[in-house]
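Residue numbers (the working numbering), protein chains in the order written: chain A, 1 to 614; chain B, 1 to 614.
Honestly, I wouldn't trust all of these hints.
Claimed, not checked - Straight-line C-alpha distance at most 25 Å; calculated BS3-like pairs for lysine-lysine:
#, chain 1, residue 1, chain 2, residue 2
1, B, Lys197, A, Lys135
2, B, Lys197, B, Lys300
3, A, Lys185, A, Lys116
4, A, Lys138, B, Lys197
5, B, Lys277, A, Lys116
6, B, Lys138, A, Lys138
7, A, Lys138, B, Lys275
8, B, Lys185, A, Lys138
None of these hints come from the bench; they were simulated from the model.
Protein chains: 2
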Amino acid sequence: MPAEFQNFDIKNERAAVAGRVAALRGELKKRNLDGLLVPRADRQQNEYVPASEERLAWLTGFTGSAGFAIVTADKAALFVDGRYTTQVRDQTDTKIFDIQHLVEAPPEQWLEANIKAGGVIGYDPWLHTADQAEKVAKACESAGASLKAVMDNPIDTLWRERPAPPAGLAVPHNIKFAGESAADKIKRVRAELAKSKAGALLVTDPQAVAWTFNIRGSDLPHVPLVLANALVPSEGRPALYIESRKLDNAVRRALEEVADVRTPDDLARDLDTLKGKTVRIDRASAADALTRAMTDTGAKVVRGADPIAIMKAIKNHAEIAGSRAAHKRDGMAMVQFLAWFDREAPGGKLTEIDAVERLEGFRRETGKLKDVSFPTIAGSGPNGAIVHYRVTRDTNRIIGSGELFLIDSGAQYQDGTTDITRTVAVGAPSDEMRDRFTRVLKGHIAIATAIFPESTTGAQLDPLARVALWQAGLDYDHGTGHGVGSYLSVHEGPARISKLGTAPLRRGMILSNEPGYYKAGRYGIRTENLVLVIAEAEPPGAEKPLNAFETLTLAPIDRRLIDARMLSGKERAWLDSYHGRVMEEIGPLVDKSAQKWLEAVTRPLATGYLSTDK
Amino acid sequence: MPAEFQNFDIKNERAAVAGRVAALRGELKKRNLDGLLVPRADRQQNEYVPASEERLAWLTGFTGSAGFAIVTADKAALFVDGRYTTQVRDQTDTKIFDIQHLVEAPPEQWLEANIKAGGVIGYDPWLHTADQAEKVAKACESAGASLKAVMDNPIDTLWRERPAPPAGLAVPHNIKFAGESAADKIKRVRAELAKSKAGALLVTDPQAVAWTFNIRGSDLPHVPLVLANALVPSEGRPALYIESRKLDNAVRRALEEVADVRTPDDLARDLDTLKGKTVRIDRASAADALTRAMTDTGAKVVRGADPIAIMKAIKNHAEIAGSRAAHKRDGMAMVQFLAWFDREAPGGKLTEIDAVERLEGFRRETGKLKDVSFPTIAGSGPNGAIVHYRVTRDTNRIIGSGELFLIDSGAQYQDGTTDITRTVAVGAPSDEMRDRFTRVLKGHIAIATAIFPESTTGAQLDPLARVALWQAGLDYDHGTGHGVGSYLSVHEGPARISKLGTAPLRRGMILSNEPGYYKAGRYGIRTENLVLVIAEAEPPGAEKPLNAFETLTLAPIDRRLIDARMLSGKERAWLDSYHGRVMEEIGPLVDKSAQKWLEAVTRPLATGYLSTDK
C-alpha cells in the first residue's frame with residue numbers, strides 16, 4: 001500500500017545549476033540588472049508553495065522549505081538555515097553557489113559586503129513582503145547600490161518546464177465543522193476594524209481567507225487552501241479575489257451571499273478605490289507589490305499582525321468537537337500502526353519508508369483522510385536526530401534492533417488537523433536512551449499538567465518543558481509547541497510555546513506539546529500530543545482566571561523507554577490516567593489483536609511494567 | 001537613632017501648583033511656544049535624580065520616581081504609572097492636571113489627541129533621549145503640530161529656589177574592590193569598539209563612567225556616582241568630562257594616567273572632532289542634545305545598547321569576594337535587626353519608621369555603611385501590599401499583632417551593594433498567610449536551585465518562580481529579579497529575571513531573587529536574596545555548559561510562616577541547608593542574645609518548628 005500523499009523521490013538537479021545560473025545572468029544583462037534576489041516564496045508567503053513557485057529549487061537545485069539566493073554578474077550565494085547545511089551541499093552546485101547561513105550571515109549582510117556601488121539589484125515585489133523589501137533596500141543603499149522592483153520575474157522567462165499554477169476547486173467548509181457562518185465571521189472582522197478606526201482590511205493570508213469565508217481548497221500540498229485574497233471594508237460588502245475556474249456554481253452562489261466574487265486581476269483596480277483610506281494589512285503575508293500599489297493610490301497602509309489570526313486560533317465548540325473526533329479517529333490509526341510496528345520491526349526488515357506507507361495506509365483506511373498534514377518524519381537511529389528529517393529513497397534505512405524510531409506525522413480530516421510524534425524502542429533500549437526519554441516525558445507532562453493565569457504566554461510555559469533536560473546538561477533546539485489549525489495549516493499563529501511565544505494562550509487554542517532530545521549521529525526522541533487550552537477550576541481564594549491544557553491526542557507512549565523511578569507520583573499518575581483514557585477511548589475502535597496489544601502497553605506503570613510482560 | 005540616609009517627610013506642595021503652571025504658561029507665551037514637555041529626568045537618565053533636576057516635582061507637586069507632564073495654553077496632563085495612582089492625587093492639583101496612565105495612555109497618545117494643528121511644542125533635548133524625542137515628534141507631526149528643541153529650560157527661569165546642582169567629590173574606587181585597573185577596562189572597551197568597527201564610544205551612563213574609570217562619587221542619593229561623561233576613541237586617549245571642583249589633585253592625577261580630564265563644556269567642542277566617524281552611543285542614556293550635536297557635526301551616530309553594561313554586569317573575582325564580604329556584614333546587621341524586631345514587635349508599639357531607623361542603625365554600626373542602596377520599603381499589614389511603598393510620617397502605622405511586616409532594604413558598602421527583603425509574622429499568622437508565604441518560598445527556592453544551560457535568559461527562569469502561585473490562581477505583578485551593581489546602582493542591566501529579561505545570564509552576574517505575593521488592603525509577602533551566577537558541575541553526558549546560582553544574602557527566612565507540608569524534600573533540604581549556612585557564617589558575628597535567637601530560628605524544619613519553641 002504505497003503512500004498517496006507523500007513521495008520519497010527527490011530529483012537531483014545539481015548538474016543543471018550552472019547552465020541555469022548562466023542563463024539568468026544573460027537575462028539580467030539584457031534587462032540592465034546587476035543582480036537578482038530569489039527567495040523561496042510565493043505571492044502569499046505560504047509555508048508550502050505550489051510547484052509553479054519553486055523558483056529557488058529550479059535555479060539552485062535546493063528543495064528545502066526555507067532559503068534565499070542572490071545572483072550577480074560574478075557572484076552567487078545561497079542562504080539556508082541550520083537544518084539544511086548537509087542537504088544543500090548535496091543538491092546545489094557549490095562551484096556556482098557560495099553557501100551562507102540564512103540566520104547568522106543573512107542576505108542583507110552579504111549584499112552590503114558584496115554588491116558594487118552603483119549597481120541595480122532586481123527583486124520581484126510579489127515574492128517579498130514590504131518589511132523584507134525595505135530590509136534589503138537598506139542593505140543595497142548602504143553599499144551604494146539600489147534595489148529595483150521587477151514585475152515580470154526573470155526566472156519565469158527562462159523556466160520552460162515551469163508547472164502550471166494550481167487550479168484546485170474551492171469547496172465549502174461545512175458549517176457543522178466551521179461552527180460559525182461566514183457572515184458572522186465577517187461581522188467580527190468588521191468589529192475589529194471599527195476598533196482600530198481603519199477603513200478596510202486587506203486579507204492576504206490564504207488561511208485567513210479560508211477561515212473567514214468557510215472555504216477550503218487544494219492549491220497547496222498538505223494544507224487545504226485555495227489561493228485567494230479578500231478585501232473587507234469597514235462598511236459595504238467584502239470582496240473575494242479568486243480565479244473563476246476554481247469556483248463551481250454552488251460555491252460561487254454561497255460566496256456571493258456574503259461577498260462580491262471577483263477575479264485576481266480586479267484586485268489591483270479595487271485597490272485604487274482605497275485612496276485616502278486607512279488600510280490594515282498583514283505584515284507577514286502581504287506582498288510588497290500590494291503595499292506599493294495601495295501607497296501609490298494614496299491609501300494609508302498600516303502594517304501589523306493579521307487580526308483574523310487570533311480569531312482563527314480560538315476554536316469554537318464545533319471546531320473543538322471536530323478536533324476531538326478527528327483525534328479519536330487518528331488515535332485509532334496510530335494504535336493500529338504502533339501495534340503493527342511492534343510486531344513487524346523486530347523482524348529486522350522494516351524500513352522507514354515502509355513505516356510511513358503503512359501509517360498513511362491506516363489513516364486512509366479510516367475513509368476520512370483528505371491529506372497528510374505534512375510529510376511524515378520517520379527517523380530511525382541516527383536519522384531520528386535530524387529534527388526535520390524527511391526520508392527519501394537515498395536516506396531510507398532498515399530500522400535496526402537496539403535503535404529508537406521517531407515518527408512525527410499528522411492528518412487532515414474535515415473535522416480537524418492532527419499532529420503526533422511517538423518514539424518507540426526496537427529491541428532493548430540503552431539506559432541512556434531511557435534516561436533521555438524519561439526527561440523528555442517529564443517535560444511533556446509539565447506542559448500537559450500546567451496551570452496558569454489567563455494572560456500567560458507560551459514563552460512563559462516553554463521553560464517548564466526543559467527543566468528536566470537542563471538538569472542533565474541537555475536541551476533541544478526548537479520550540480515546545482506551535483498552534484494548529486482546524487482543517488487548515490498544521491502550523492498556525494499567533495500563539496506558540498517557545499522563547500518567541502509572546503501571544504497569550506487563550507481558551508480554545510490548540511497547540512502542540514512536543515519536547516525532544518537529539519543525540520547527533522545516534523538517536524532522536526520526541527513525544528508530541530496536541531493540547532487544547534481550557535478553563536481550570538479556580539481554587540478558593542484564586543485572584544486570576546486560570547487555564548490548563550486538555551490533551552487531545554490519543555496514543556500510547558512507549559513504557560519500555562520510561563525509567564519510572566525518575567518520575568514523581570504526580571507524573572506517574574498523569575501517565576497512567578492518560579493511558580487509561582487511550583485504552584478506554586481507542587480500545588473499542590481497533591481490531592482484537594491491536595486491542596490486546598493496547599491493553600498491555602497502557603497498563604499502569606505502578607504494576608511494574610517489564611518489556612517481557614506482553 | 002534616627003536614620004541618616006533616608007527621611008520620612010514629604011512636603012506637600014499641591015497649593016503651589018496652580019500658580020506655577022500659570023507662570024509657566026506666561027513664560028511659554030513669551031517664547032511663542034504652545035506647550036512644554038516635562039519629564040521626570042536628568043541629563044543622563046538617572047533612576048535617582050539630583051534635587052536640582054526635580055522639575056516635574058516642582059511643577060506638579062508629584063514626587064514619584066517616574067512621571068511626565070505636558071502643559072499647553074489651556075490643558076495640562078500628568079502621566080504616572082500604576083504604582084502612583086493614589087499618591088499623585090494626594091500630591092498634585094487635579095483641577096489643573098488631568099491624570100493619565102503613563103503606560104496605558106502614554107504622552108504620545110495624548111499629544112495626538114489634544115494639541116492643535118500648527119502648534120509648536122517645546123522640549124528640553126537634554127532631558128530626553130533621541131528615541132524618546134522621535135516618538136513625541138512623530139505624535140506632534142501626526143497632530144499637524146511640531147516639536148521644538150528648547151535649550152534653556154523654561155522651568156529653570158521660574159524656579160527661584162532651585163537647589164544648586166550636586167558637587168560631590170569624585171573618589172577613587174580602590175583596585176582591591178574594583179579588581180581591574182581602569183587602563184585594562186579601557187582596553188576591553190576598545191576591543192569591543194574594534195569589533196563593531198566604530199571610531200568612538202560616547203559613554204553617557206554615569207554607572208558606565210564610574211565602572212570604566214574606577215571612580216565613585218556622591219552626586220546622587222543612594223548610588224555612589226559622580227555625574228560625568230566620557231569619550232573613548234578607538235585610538236588615542238579617552239577623555240573624561242567632569243566638573244573641576246569635583247576633583248582633588250590626587251584623583252585628577254590618577255585619572256590623568258588613563259584619560260584626558262576635561263570640563264563638561266569641552267564635550268560639545270570635542271564632539272566636533274567626530275566628523276565622519278562612526279560613534280556608538282547608549283540609546284538609553286544619551287541625551288537627544290548630544291545625539292543632535294554629533295549628527296550636526298557630520299558623525300554617523302549608531303544608537304544601541306551600552307557595550308559597557310555587560311562588562312560591568314559580569315563581576316570579577318575581587319568584586320565577587322567583595323560582595324560575599326558585604327553580604328556577611330549586611331547579614332550581621334539583618335540578623336541583629338530581625339532578633340530585635342522579634343523581641344520588640346509583640347509589645348505593640350513599634351512603627352514602620354522605628355523599624356527603618358533601627359535597621360539603618362544596625363547597618364551604620366558596622367562602621368562601613370556609605371548609604372542605603374534605596375529608601376527602605378517597610379510595610380506592615382495593608383501597607384505591605386503596596387509593592388513600592390515608602391513610609392512617610394503620614395502613612396506610618398504601628399505594626400499590629402496578627403500582621404505581616406515586609407521590609408525590603410539594602411546597603412552601599414565599598415566592597416558591595418546589598419538588597420534583601422524579609423517578611424516576618426507578628427503574632428500568629430493565618431493559615432492563608434502561611435499558604436501564600438510558602439508558595440512564594442517555593443518560587444524563591446525554584447530560582448535558588450535552578451540549573452540551566454549557559455545561554456539561558458532571565459525570561460526563561462522567571463516562570464519557575466511563579467508556578468506554585470499559579471496553581472492557586474495567584475501571581476505577582478513585577479519581575480522576579482534585577483541585576484545589582486558592585487558599589488553601584490542596586491538596579492543594573494542588562495540581565496534580569498523577568499518576562500522582559502532577554503539577556504543571557506552569564507557567570508559572575510549578581511541578580512536578585514524576589515518573588516512575592518500581595519493581597520490588596522491586607523498584607524504583602526516578598527522573600528528576596530541576591531544570587532550570583534556560577535558554573536554548575538556538568539553531569540556525565542552533559543552537552544552544554546551549565547550554570548546555577550549561589551545565594552549571597554545571609555539572613556533567616558521566617559519559619560513560622562512556612563507550611564512545611566507544602567514543601568518537597570528537596571525544598572526542605574534547601575531551606576535547612578541555607579539556614580545552616582546562615583547560622584554558621586553569621587552566628588559568630590553577632591552578640592550572644594542575637595546568636596541564641598538565630599540558633600532557634602535556623603533549626604532544621606524537620607525537627608518540627610513551632611512558634612512556641614524559642
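How the hints compare with the structure:
1. Lys197(B) <-> Lys135(A): holds (21 Å)
2. Lys197(B) <-> Lys300(B): holds (12 Å)
3. Lys185(A) <-> Lys116(A): violated (51 Å)
4. Lys138(A) <-> Lys197(B): Holds, because 19 Å separates the two Cα atoms, which is no more than 25 Å.
5. Lys277(B) <-> Lys116(A): holds (22 Å)
6. Lys138(B) <-> Lys138(A): holds (21 Å)
7. Lys138(A) <-> Lys275(B): Roughly 23 Å between the alpha carbons, so the hint for Lys138(A) and Lys275(B) holds.
8. Lys185(B) <-> Lys138(A): violated (35 Å)
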